[in-house]
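K.L.:
Chain residues, written in single-letter form:
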Amino acid sequence: MQEVLEKLAVFLSWTMTLVLCLCLSIFLIYLLIKGLPSFGAELIFGKAEPLKVLLGQARVFDGIFPAMVGTFFLVLLSAVLALPVGVCSGIYLAEYASPVMKKLFGSLFDILAGIPSIVIGLFGFSLSIFLHNHFSDRFGPCLLISALSLAVLVIPYIVRSTQMSLEELPSDIRRTALALGATRLQNIAYVLIPNALSGISSGLFLAIGRCAEDTAVILLTGVVATAGVPSSLLSQYEALPFYIYYISSQYSNPAELSNGYGACLVLLGICSVLFMFAYGLKKHLSYRTLYRV
Amino acid sequence: METKDKIIVDGVSFFYSSNRVIDNVNAKFKTHTLTAITGPSGQGKSTLLGMFNGMWNDTPGARCTGEIQIRLGGRWVSPLKKEIPMPLLRRKVAMIFQEPNPLPMSIAKNMAFPLKLAGIRDKNIVQEKVQRALEQSFLWKEVKGRLEESALNLSGGQKQRLCIARALVLEPEILLCDEPTSSLDAKAAGVIEELLVSLKSNCTLLVVSHYMDQVRRIGDQVMALEDQGLKRI
Amino acid sequence: MSNTKEIIARNVFFLSAIASAVMILAILVLMIALGIPLFKAGNFLAIWTGPWAPHKGLYGIWPMISGTLWIALLATALCMPLSLGASFVITSLGGPRLRRMLGTMVRFMTGIPTVIYGFVGIFLLVPLVREGIGGPGMCVLTAGMVLAILISPTMILFVTDSLLAVDLSYVQAAKALGANRVQRLLYVMVPRATGGMAAGIILALGRALGDTLIALMLAGNAIQAPRALLEPARTLTAHVALVKAADFDSLEFRSIFACGIVLYLFATTATVAVRVMLRKREVPT
Amino acid sequence: MKKALFQIFVISSIFSLLVAPCFGEALQDFEGQEGTIKIAGGTAHISVMKEAAKQIMTRYKDIVVTVAGGGSGLGIKQVGEGLVDIGNSGRKPKPEEIEKYKLKMFKWAIDGVGVVVNPANKVQSLTKNQLKDIFSGKIDNWSVLGGVKHAITVYTRDEASGTRAVFWKKALDKENISTKALFVPSNGAMKTAIANDPYAIGYVSVGHMDETVAPVALDGVTPTLDNVKSGQYKIARGLYSNTKSDPSGLTLLFINYLFSSEGQKIALEKGFIPVK
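Protein chains in written order, with this note's numbering: chain A, 1 to 293; chain B, 1 to 233; chain C, 1 to 285; chain D, 1 to 276.
Bound-form chain A, shown alone:
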């Protein structure tokens, strides 16, 4: 009886693994078959000349260039906003916080990490309305608001990766500079942070990947179907994931749909490279940054 159960468990495990692999393969193959034909300069630049577009002399209307630029700025801005706050909070938690504070903040960041992105998007949306009504008409859902909201979304990742990579430094490294008369801050700046850099950057890569793929937040905070290359922080913008969402529900001809598949491949490429970078730097730390243990 027991033996049968064991055999069954093994059989089911293999079957399930196979099913999972099969699902993933079908998914990828389907995407490649549909997406590869549209791959090329025209996917990105449409009918405009690539060089002119890159020099800012021509505008793209039927390619994904504006969406790519929008996503790039969005990700860059969110990283710039989230990185200092996240790293500083991580340093505080790892190096200064008392055990009670550690627990308290740890729980809070866990909660923040678990909040659905649409809720954070809603927060950003409300914030933009608030700013609009109380400060200046120029505010509204825009690139800056989206980047701010995305920063809130990914701060827990950066905090956690910073905290964990500092905490897992061996005490050897930790006390070297201290024994040489370093102040706490000197120790952090000259020894701990440089040694924890790979962990911190793996967290940063995860954060960037998350920013690049998230659709729910930007859906509420300023992404639009047509905006061209964003001209300022307060302008609306296009973004790759939204483009894919938009095309999926309202493509008007087969060419647009095929562009959608192409955009899927581009986004998939960007995100998987970012995530693989993160795992390459610090595999285990990345797991825990994403899913906490």
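Hints are computed from structural coordinates only; laboratory data are not their basis.
Fair warning: there could be bad hints in the mix.
[To be verified] As a list, the in silico DSSO-like pairs of lysine-lysine whose alpha-carbon atoms are at most 27 Å apart:
hint : chain 1 : residue 1 : chain 2 : residue 2
1    : D       : K100      : C       : K56
2    : D       : K100      : D       : K132
3    : D       : K132      : C       : K56
4    : C       : K5        : B       : K116
5    : B       : K141      : B       : K129
6    : D       : K61       : C       : K56
7    : A       : K7        : C       : K175
8    : B       : K28       : B       : K81
9    : D       : K170      : D       : K128
10   : B       : K200      : B       : K141
11   : D       : K122      : D       : K170
12   : D       : K170      : D       : K107
13   : B       : K123      : C       : K5
14   : D       : K149      : D       : K61
15   : B       : K109      : B       : K231
16   : A       : K47       : D       : K50
17   : D       : K169      : D       : K100
18   : A       : K283      : A       : K103
19   : A       : K47       : A       : K34
20   : D       : K122      : C       : K56
21   : A       : K47       : D       : K100
22   : D       : K229      : C       : K56
23   : B       : K82       : A       : K102
24   : D       : K92       : D       : K149
25   : A       : K52       : D       : K92
26   : D       : K276      : C       : K56
27   : A       : K47       : D       : K170
28   : D       : K50       : D       : K122
29   : C       : K5        : B       : K81
30   : C       : K56       : D       : K128
31   : C       : K56       : D       : K50
32   : B       : K4        : B       : K28
33   : A       : K47       : D       : K128
34   : D       : K104      : D       : K244
35   : D       : K100      : C       : K40
Knowing the structure of chain A, use the given hints to seat chains B, C and D on it.
P.N.:
Chains B, C and D only, in chain A's frame:
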């Protein structure tokens, strides 16, 4: 030789969480002597050393009672009461660890690192101090042509001597050594022993070691940490 | 001199932590504050349990709560066998090379953007379900299936980690007693990793509850509480995404803050549950 | 770099002078202007808005036109709050909306709202009562209407949609829409959904209809541009672009452009009935 007291330990106990690690230790260490401390492992020899340069002061769960007095620059200070900023204390009470711990940078940078921490940036002074410290630690001849190489490429014994030199660069009055030879082969250990003895002219040394013969060889005074107490032998 | 620097730095670090933490509370407070007009307007209970019929002045979000639960629970249920099976293969059953390959595959899956799953779901799975099983195609089942794949890496990584965290000495002991790989897995590793495995399942459930795009793209967004797998449904998240288009001052618009609050509570409950389970695991048994 | 830009500017100005007669006057008014026009709201309008934006942005590099959907309700609200410069609506703004936000309405085209099914569907003609029964869920299988034996999938739009408002009032006489109906967020999405689902029924702006969907004759009248124009097909509505008080600057130029011969030509090309 002066025979003034350098360190006075008076009824010191150490607790980690709720465990008593060291119980009511009393001792005196004289200037320009080398005191060797021995004893079975797990009795808190390293812990004891760490109390002299305040290594435990920020560790959650660690607690000391009693009093330690150290005479620095003619003034008595207490590391346990934090009468002096810890970085300043540690510049004068240097420490060497069991595992040589050069930082992942060049030999020259490693040597200049404590000076950088102390805010000394004048190139000439730095160079002069670095050279003197390397000479004191029998390392200058071996490394003078390769100061820009990574410190991690040195042999184990050289690494440990580099760490000693790095500690000496701030001209400490006391040098705490935690099992400085136990990760080295016999030959390298011999060099370190010789080096430590020669340093008595500069500082007061406390050397923790579990090699009884080594302890006898180098110590002016030998103490054993047993059953949580420190006894002279 | 360097002392002031120390103090400044310390405070900067501390304030950063405070600022990020305040965000979390600010989000909740803002949502409650903005939802107040809705709570005041009518029957408080009806908001959570009533139907959604804006033209009749009914702004209940029960259909969305129900839709969220249906889809998330279905996804978790479908994901569980997949993930447990894959975790068993990765931790014990597979050979070293296969383990590495599967590990890489799972890590790769964490990087696949949600919207792409949705995209492929619309054009590949929806017609399959519609023709093969019936119904409108866009339904609880379709969304649940895609969501199951989406959350599987979360569960697999977490469960794998918990299994591998089991003290090696136990495993060695069992090995010395003649237990084979399967027996070591089933009788030594799994019983000791239950806390972590349960935490992984809840974490994945949390992700399923909070996901927007899959349901928005694949579940049909109908405003009824679903009663079968082939019926369309609308999740709280999709509702937020759809109704943000409404008039800001209207009660209809305010209802999305009620959705936000419910989602926030769901997510926080899941997080707390995970923490509690992991704390249990830390206690040696 | 700057010099190069200047050269390009000179060359393109000369070029544009040469070809200027080809462009209508309204487009030329944008010459020398810079800034952003934000447009949101009605999704029936999007094709025209996008084309107009493309015309303007291709010619004038310092002007950015952003186009977002969201539905008529959103358009009216957002322009009222000053979040966008032009808020489109596929229904006439309600008197209280006009008063509250001091809206100025510009109706630049006429459109109809027609029922559509998948081209594979044999049922392409319904009575009004059948339509009401389908949308309320009383008729739930195509076989009842002489089609294949498969459940009907009803698609509808959200409350913010002007298309829904018009359809609900004029075609369904304000009768219930089943809660089982699937929701899509725009006219474009409705068309795509119907084109992909052989058992679907929905309603869409007549301007959006193409060969991927089949129009359904209602009480014998097919929703086509001609039938809307002649008044035979009753479910018609205006396409409005609304501004908060009188438009000025770029916004005014854009509205003017919509009413220019070119703007009206775009409307015609995109399947609407120009007002001029």
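K.L.:
All hints, please: hold or fail.
P.N.:
Against the structure, the hints come out as follows:
1. D:K100 to C:K56: holds (23 Å)
2. D:K100 to D:K132: violated (34 Å)
3. D:K132 to C:K56: holds (18 Å)
4. C:K5 to B:K116: holds (16 Å)
5. B:K141 to B:K129: Roughly 15 Å between the alpha carbons, so the hint for B:K141 and B:K129 holds.
6. D:K61 to C:K56: violated (48 Å)
7. A:K7 to C:K175: holds (18 Å)
8. B:K28 to B:K81: holds (18 Å)
9. D:K170 to D:K128: Holds, at about 10 Å.
10. B:K200 to B:K141: holds (21 Å)
11. D:K122 to D:K170: holds (25 Å)
12. D:K170 to D:K107: holds (19 Å)
13. B:K123 to C:K5: holds (24 Å)
14. D:K149 to D:K61: violated (55 Å)
15. B:K109 to B:K231: violated (41 Å)
16. A:K47 to D:K50: It holds: about 16 Å lies between the C-alpha atoms, which stays within 27 Å.
17. D:K169 to D:K100: Cα-Cα ~24 Å, so holds.
18. A:K283 to A:K103: Answer holds: A:K283 to A:K103 is near 25 Å, not above 27 Å.
19. A:K47 to A:K34: Between A:K47 and A:K34 the Cα gap is close to 21 Å, so the pair holds against 27 Å.
20. D:K122 to C:K56: violated (35 Å)
21. A:K47 to D:K100: violated (44 Å)
22. D:K229 to C:K56: Roughly 34 Å separates the two Cα atoms, so the pair is violated.
23. B:K82 to A:K102: holds (25 Å)
24. D:K92 to D:K149: At roughly 40 Å apart (the allowed maximum being 27 Å), D:K149 and D:K92 break the hint.
25. A:K52 to D:K92: violated (42 Å)
26. D:K276 to C:K56: Outside the cut-off at roughly 39 Å; violated.
27. A:K47 to D:K170: violated (42 Å)
28. D:K50 to D:K122: Not OK: D:K50 and D:K122 at ~34 Å, beyond 27 Å, violated.
29. C:K5 to B:K81: Distance of about 22 Å is within 27 Å: holds.
30. C:K56 to D:K128: holds (23 Å)
31. C:K56 to D:K50: Judged against 27 Å, a Cα distance of about 35 Å means the pair is violated.
32. B:K4 to B:K28: holds (10 Å)
33. A:K47 to D:K128: violated (46 Å)
34. D:K104 to D:K244: holds (6 Å)
35. D:K100 to C:K40: This hinted pair holds, its Cα atoms lying about 23 Å apart.
Of the hints listed earlier, those the structure fails to meet are numbers 2, 6, 14, 15, 20, 21, 22, 24, 25, 26, 27, 28, 31 and 33, in rising order.
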